[in-house]
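Novice: Hey, can you work out the whole structure from these sequences and the hints?
In order, the protein sequence lines correspond to chains A and B.
When the letters of the first sequence are read in order and numbered with the numbering used here, they come out as residues 1 to 852.
When the letters of the second sequence are read in order and numbered with the numbering used here, they come out as residues 1 to 239.
Keep in mind that the hints were calculated from the coordinates and are not lab data.
Mixed in with the good hints, there may be bad ones.
Unchecked claim - Examples of chain B residues toward chain A, derived with CB under 8 angstroms: (1) Gly55; (2) Asp81; (3) Thr103.
As the list claims (entries may be wrong) - Computed beta-carbon distance windows for the label pairs: (4) Arg11/A with Arg188/B: 33 to 39 angstroms; (5) Ala126/B with Leu406/A: 44 to 50 angstroms; (6) Arg15/A with Gln199/B: 36 to 42 angstroms; (7) Gly360/A with Glu196/B: 52 to 58 angstroms; (8) Asn181/B with Leu817/A: 57 to 63 angstroms.
Even glycine gets a Cβ: it sits at the ideal position worked out from N, Cα and C.
Take a look at the letters that make up each chain.
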Amino acid sequence: MNARFVAAMIRRELRTAFRRFGFYGSCIAIGIAVVVGLHSLREAVDSAVDLRSRELLGADLRLESREPLSTEVKRALQKLEQGGPIESTELTRLGSMALAERSGRSRLVDLLAIDGLYPLYGEVWTEPAFLWERFGEVSGQVFVDSTLLIQLDLEVSDRLRIGGESFVIAAAIKKAPGSFGLQAEMAPRVFLSKSDLDRTELVQKGSLVSYLRYMKLADGVVDAWVDEQGALLEESRVRVQTVRGYQEDMSEAFGNLTRFLGLIGLAALMLGSIGVAAGIRVFVREKLDTVALLRSIGASPRDVVAIYAGLAVALGLTAGLLGIVLSLPLLWVLPDVFGDLLPVEVSLRVGPKGIATGLGLSVWATLLCAMGPVSDLASVAPLRALRRDFGSTEKDRRVARVGATLVVVVSLVLAAVWQAGNLRVGLAFAAGLIATVAALAASALAMVYVLRRYPPRVFAYWARQGIANLFRPRNHTLPTTIAIGFALFLVGTIHTVERNILAQMEVDTGSRRPNFILFDVQRDQLEGILGLLDEHGARVVDQAPLISARIAAVDGIDRALWLEDQDETLTRDFRWALQREYRLTYADDLRDSEELIAGSWWKAGELVVGDDGYPVSIERDLAKSLGVGVGDRLRWQIQGVEVDTVVANLRQVDWGRMATNFFVVFPTEALEEAPQSTVLLAHLADEQARAEMQRDLVGRFPNVSALDATLILRSLDTMLGQISIAIRLLSLFTLGTGIAILIAAALAARSERAREALLLRILGASTSVLRRIIATEAIALALLASLVGGLLTMIGSFCVVVYLFELPFDPPLLDLLALVFATFCVTALFGGVGVTVGGGESPEAALRRETA
Amino acid sequence: MILARNLTQRYSRAATEPGTDSMLTVLDSVDLDVAEGEVVVILGPSGSGKTTLLGLLAGLDRPSDGELRLAGVDLGMLDEDARAAMRAERIGFVFQSFHLIPTLTALENVLVPLELLSSNRRRRAADAEETARALLDRVGLGDRLEHYPAQLSGGEQQRVGIARAFANQPDVLFADEPTGNLDRETGREIINLLFELNQQRGTTLVIVTHDLELSRRADRIIHLAGGQIERIETVGRGT
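Specialist: Here it is as structure tokens:
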């Protein structure tokens, strides 16, 4: 390869290539902007989390348990002192109702009773400022999340009733370790001293309480200690959170979100590549003679490949730089878009990793587009310089094109897996993208075939000409239809799926659906609670007893033995199922939301308890996680007592229903005497009734927690809304890509169209006829693209809603029609961009200009 | 300089009737010698195989049968890269349609063959540019160096083509209907220029043409018909 020659030719070709490809570059640049923006956001979050993880966690090590730490664990903790002095703080955490005495409003709060100095790292920002320093000095005071003041219509120095005690709100917490936006929305925190919590008498036997210990330690001791004490901590059911684990959890959670959203950017990039590929094909067609000439005077095939691949790299780099520049306004907007979904405050900039990602992706995408056409150029025979009809065989080109297509598909799959960070998701995305593009292409080709076969003969000449332009040689119908159709498909499908999910989540104002949940109802309180509900006109929809338990053995093998597995052959699901705490219930009948799928149900009063113990019913997915089926044995530890059971049946549960659903159900006879609490689902007519019920509940049964389901749904709605905004914003980028391709295609066709217009004018067509031809072509293309996209939206969203989410399909037809119409208008508007009909000069003058 | 023995070229064609030959023989057992410095014109009607013969002699295509040597090198033994290198080092071309690269200036078009030379023959960039400028000046386009082909007339484009053809100091220059797209007057100027440069440099010249006047200036005329040499006419160079 002659490097000097290649470099000189690349430089020369770039002069005209930028002019030709400037707009095509923007097609790729838009997708790059999205990917770079999201990568930069993720990088910034990871960096901020790394820097501030101690502050966010509030400690070097946090232990959490449902019971006070055992003697063995405390003894093990003493070993940490060998590394240096330890600072330690204990927190007791539980959910409880809080009643605003002034407004009468109440809600569930996250109570955190502190015994010691808190936080060990980071600060708590209060309003009024600096009051946290005086926390615990005065008894009877609480510090609350600022969102609680809004939710309960409170002010600082108002009184809050918790349990049987009344507290003064000393300050509002604006920022504190370990919590961000949405968590405060769902369960705002209330901080009080341990002694104050004791006075409330909320902590009783059977209460759902967590005991936390925060520790500040010397560097380097935590991870080793956790590794050493792993078995003991597991056996003692103590959950461990280290700084490193916290960093990984936070990064992973947010990382998954940005990775999935980044797939939209990848989709935009792929779409842009379709447009660029079409442009490159036109470019290459025009280069055949030049390449033949170069070959005839001594350039080798390798020289040719190097020149045009080098050109593609240069164009890709330029598009990448443009994409990085385009990402800057996106970076400005992203933190607001994600809002409360961000775990930490970040300052955004495009870092070296983002730049490298953007440039790498754009070069890769451009090279992929160019691969097929460049291989066509490489096979141009030098004899073509003498004989134009001489070229490589169609068979040779077909082989090269099949190879190029395979490389494109494999590259797409690899890129999707890399972006998603997950093999399954990446493969599914790539397959979905390819299938969608293929479906769009097939639909477009089918419609064009119909138009060719059955041309609208009754239309006027200009209309027939405009429509015929859709399938004339060198048309851009296919890439434009795919790009616009895909963008419409993406935006439309997301909108439809979101609407269907939210519709399902809405609380039915009819009398059938529960909208009020009470839990932690003790056995001796049940009658009183039912009476209170009756007083308020509530209808009890569902109730179930709850008994806390853990698995002690599976198939005769002790839990501890299973967890000793050194070879890590246990699946993650199995470990989770083995280690978690269960809320068991008992019943003698299946619930409405359940369906028996294997085995048989027991009959009340006719229970047969064999050597293997009581029969139990296991939910299908849990059974799969545990690897058990009908007839297998499980041993449970229920409040200190071990109970043997045998799997009598498997159930399928409709988890989407607002009902008491359980993984494990015992017969009544087995557990009705066990220590238990009850959960109740009720329906109250309106918000006022629910508020009054909560107020009276807090007064008479302070340990019982009540949740207004509409509040949860509103919070979920807020969260989904934020995610949805992020998705929609990024989806609009695919629409932008589609429009960019449309404009690029129109500009590329401009000179051809101008020449045709000139010829038609010479033959006698008026300017208005020429304009109508162009308009008809633009409108026909717009109609084709929006119809194809709209059709696939309906099919795609149906599949997602019915088969993925298993919901009834209810498309928002008006919204979709508006979207299709908007797409049609925009496409028609931009489709005729740049085409002139030369109305101002005579045909002779134009002809002279053309042939000069 | 050029030695062709039994040169045959066949192309496949779709058999439209049973019993017909599916191969089309364009050249049939052509023997030809061209001496160094000689000017040879290939003359014949359309479809006689002139362009095919030219393409084979220049190493742009491989014959179906026969042997071809250029400057003592057996072209049949060379792979595609070696052929390309051969063309870069030893061959120049002038085309009927000029075949200038439209996105390059006149100067850059003439530079291309100089840049394609092998490293031991390749000059420094400044020297190559000086050579290209001198050639363009020689063909009367010294003031059009930065013009693109679209800004030049047909005659001017062919002058650039001639300058390019001589840039790498070829041993053999092949010209395919060099005046085919030009008017008579311009064509005459181009031919004069071609022969002047050829005389100065002693290049072997092989020209395909319909132009009888041009053919009178050759040393020999190869009359081709039906893919075979009908007769070879010795002329001696006229004025």
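Novice: All the hints need checking, so say for each whether the structure fits it.
Specialist: For each hint, the structure was consulted:
| no. | hint | verdict |
| --- | --- | --- |
| 1 | Gly55 | holds, 5 angstroms |
| 2 | Asp81 | holds, 5 angstroms |
| 3 | Thr103 | holds, 5 angstroms |
| 4 | Arg11/A with Arg188/B: 33 to 39 angstroms | holds, 38 angstroms |
| 5 | Ala126/B with Leu406/A: 44 to 50 angstroms | holds, 46 angstroms |
| 6 | Arg15/A with Gln199/B: 36 to 42 angstroms | holds, 37 angstroms |
| 7 | Gly360/A with Glu196/B: 52 to 58 angstroms | holds, 55 angstroms |
| 8 | Asn181/B with Leu817/A: 57 to 63 angstroms | holds, 58 angstroms |
No hint from the list above goes unmet by this structure.
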